[in-house]
Amino acid sequence: MGDFVSVGILQATLAIATPLFIGALGGLFCERVGVINVGLDGIMLAGAFVAAVTSYFTQSAWLGVAAALVVGACLGLLHAGICVGFKADHVVSGVAINILSTSATVFLLQFLFGNKGQSPSCPKIGSLGGPWAEVPVVGPILENMSYLTIVGLLLVVAGHVLLYHTKMGLRLRSVGENPYAAQSLGLPVVGYMYGSVIVGCALAGLAGSFLSVGMLNVFTKNMTAGRGFIALAAMIFGRWTPFGALLASLFFGYVMAWQINAQGWQVPAQFVEAIPYLATLLVLAFVSKRVRGPAHAGKAYVRSEL
Amino acid sequence: MKRTLGVEVLSSLLAVAAALAVGAGIIGAIGQNPLAAYGAMFKGAFGDVPAWADTLQRATPYIFGGLGFAIAAQAGLFNIGLEGQMYLGGMVAAIIGFSLPGLPAGLHVAAALAGAAAGGLLMALIPGLLKVRAGVHEVISTVMLNYVAYAATGYLTVHVFHEPGVVAQTFKVAPTAVLWPLLPPSKLNAGFILGVIMAFLLWIFLFYTPWGYDLRVTGLNRRAARYAGIRSTRVVMAAILASGAIGGLMGAERILGVYQRFIHAFSPGYGFTAIAVALLGQNHPLGILPAAILFGALEAGSSSMSLQVDVPRELGMMLQAIIIVFVAAQAFIKNRLSTLLKRGEG
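Respectively, the protein sequence lines represent chains C and F. Add 10 to the 1-based position in the first sequence for the working numbering, that's all there is to it. Add 4 to the 1-based position in the second sequence for the working numbering, that's all there is to it.
So here's chain C without its partners, still in its complex pose:
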């Protein structure tokens, strides 16, 4: 009881961290072009719902994942439309998306399955399993690692390469820092904003699909339980970089995995439940002064006439 390092805890850490670092990657693709995304949690919820429903009706979990990407992209188009197109407040749009997802998923659960609590069980994404179990030390961890976790890790690497080793990434980052300078260089600023927000929100949908068809095989009401907000915190803690977000997510994942493990202690469960959130606050209190997000995040971009 209460071990700090065990195979079980490391497996759980990776599983809990997966939706966090994929979601955080999605969040940073939005913020890198200057669009704050408080709606991450709602988009993840919508992704989780659509993945489970698609997986149930098509009997293919991977089609479910694809559907989650599409729904995330659609909500990204909505968010970008409100924030970039209509130049409205980013937090307002995010809050609207959260409320919309919470209510729409329950509405559709009731309409499709006559049950407000959860969907019927559906096929889930497999894990590596088999021969990998033989590998020493990391074997037991690899064995239970979901294919989606591997996809997520590859996306983190791809995200890093895109942002820091391509011309497109440089331009994308410049849009979030100073869109007017980017515009003066002849970049299609609005196009970069829409594109990056849509990709980022599609990733948030993917992160949600891990909850319903990766970790479990069912959608339950409000199953994100605030993970989108924690992903947002991981993004900030990770200084708006893919690898930073990954490390921050692994940290949060570890704290939560340890917390689940610690529930066997004599400490009341509620204290232990609060630990990940208190840890996040504590960490943010110490790092916030030193980290700085994209300079133009949250501000409206009005194309200036040349």
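Don't take every hint at face value.
Unchecked claim - Partial list, derived from the structure: chain C residues whose beta carbon lies under 10 angstroms from chain F:
#1 Phe67
#2 Gly104
#3 Ala106
#4 Leu118
#5 Gly236
#6 Ile240
#7 Pro278
As the list claims (entries may be wrong) - Here are the in silico distance ranges between beta carbons for each label pair:
#8 Ala191/C x Thr237/F: 26 to 32 angstroms
#9 Trp215/F x Phe281/C: 38 to 44 angstroms
#10 Ala269/F x Asn125/C: 19 to 25 angstroms
#11 Ser307/F x Phe123/C: 19 to 25 angstroms
#12 Ala310/C x Ala33/F: 29 to 35 angstroms
Said to hold, decoys possible - From chain F, some residues computed to sit far from chain C (all C-beta separations above 12 angstroms):
#13 Phe46
#14 Trp56
#15 Ala77
#16 Ala109
#17 Phe209
#18 Tyr217
Note that these hints are calculated values from the structure, not bench results. Predicted model only: the values in this text are computed from it and were never measured. All C-beta atoms, glycine included, are put in the ideal place defined by N, C-alpha and C.
We have chain C; now place chain F onto it with these hints.
Chain F only, in chain C's frame:
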């Protein structure tokens, strides 16, 4: 000045109308008659006195929450932590409510309300300090604290003040601490009137006092406010504390007026929906009143609608969200409206 107010009201009404149109499409898509559904909804919200009482009862937490969000928003802050401030405030109100029997009724209620406000204020002190001292964005810190407040009140409910039984709830508050019912058997209580009075007080404060002016200037442009000699850090702190205190009162109204005890996880998300109410009301105290009543009506109406027409009651909540999507797009609508009005004049 008059005309901009007209534009604001008109654009809010347009957002509501557009959302109702989208809602009609959704009702049609699931194979029901939108007119029949909306008819049932309207009757359930405003059809008779009990329907009105239900609507106003459901609107009450949104009045408090909307005002709480608005005062922070006027200072340029997003308090997403109303839910946690409400839980802590509600818990303090319950504790004062059941642990001090024998107090005169008016005094007991006042003490419980004051305690609740203090509880919400304390909950807001943390994100306030984190923002001012460490630069932590309040959206993140208040969200994290929601979970902490949920866990903390859960602990108090289950382990400290637990009334024996299967339900996770505390002891009942003394009759002297109950907020007076207005239209029994409905749950509408004096908290509604308190909310309306607060809206007017806040309106006077924000728009007719120097402190309110400082607060709004800080919200519009913190740097400019500093140059104008406004101590903006202090204003930001005061605004977030006031916001939290009102969040605490939101909890007190539910606990003292409706449940008469603290029930674990009693909120279906009042604190979050209240944000939507504040936005619809344009963060104006007097705009929040009709916005809150509309949201209460959507809930009361869709509840009774789902009994008569086969449309899930979550439609009401979806309409609330769609309204906000349109409100969010309002900058655009507002611009168009102003241009149209100008063209009409010219």
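Tested hints:
no., hint, in the structure
1, Phe67, "17 angstroms, violated"
2, Gly104, "9 angstroms, holds"
3, Ala106, "4 angstroms, holds"
4, Leu118, "9 angstroms, holds"
5, Gly236, "6 angstroms, holds"
6, Ile240, "8 angstroms, holds"
7, Pro278, "6 angstroms, holds"
8, Ala191/C x Thr237/F: 26 to 32 angstroms, "31 angstroms, holds"
9, Trp215/F x Phe281/C: 38 to 44 angstroms, "40 angstroms, holds"
10, Ala269/F x Asn125/C: 19 to 25 angstroms, "20 angstroms, holds"
11, Ser307/F x Phe123/C: 19 to 25 angstroms, "21 angstroms, holds"
12, Ala310/C x Ala33/F: 29 to 35 angstroms, "34 angstroms, holds"
13, Phe46, "20 angstroms, holds"
14, Trp56, "24 angstroms, holds"
15, Ala77, "10 angstroms, violated"
16, Ala109, "33 angstroms, holds"
17, Phe209, "23 angstroms, holds"
18, Tyr217, "22 angstroms, holds"
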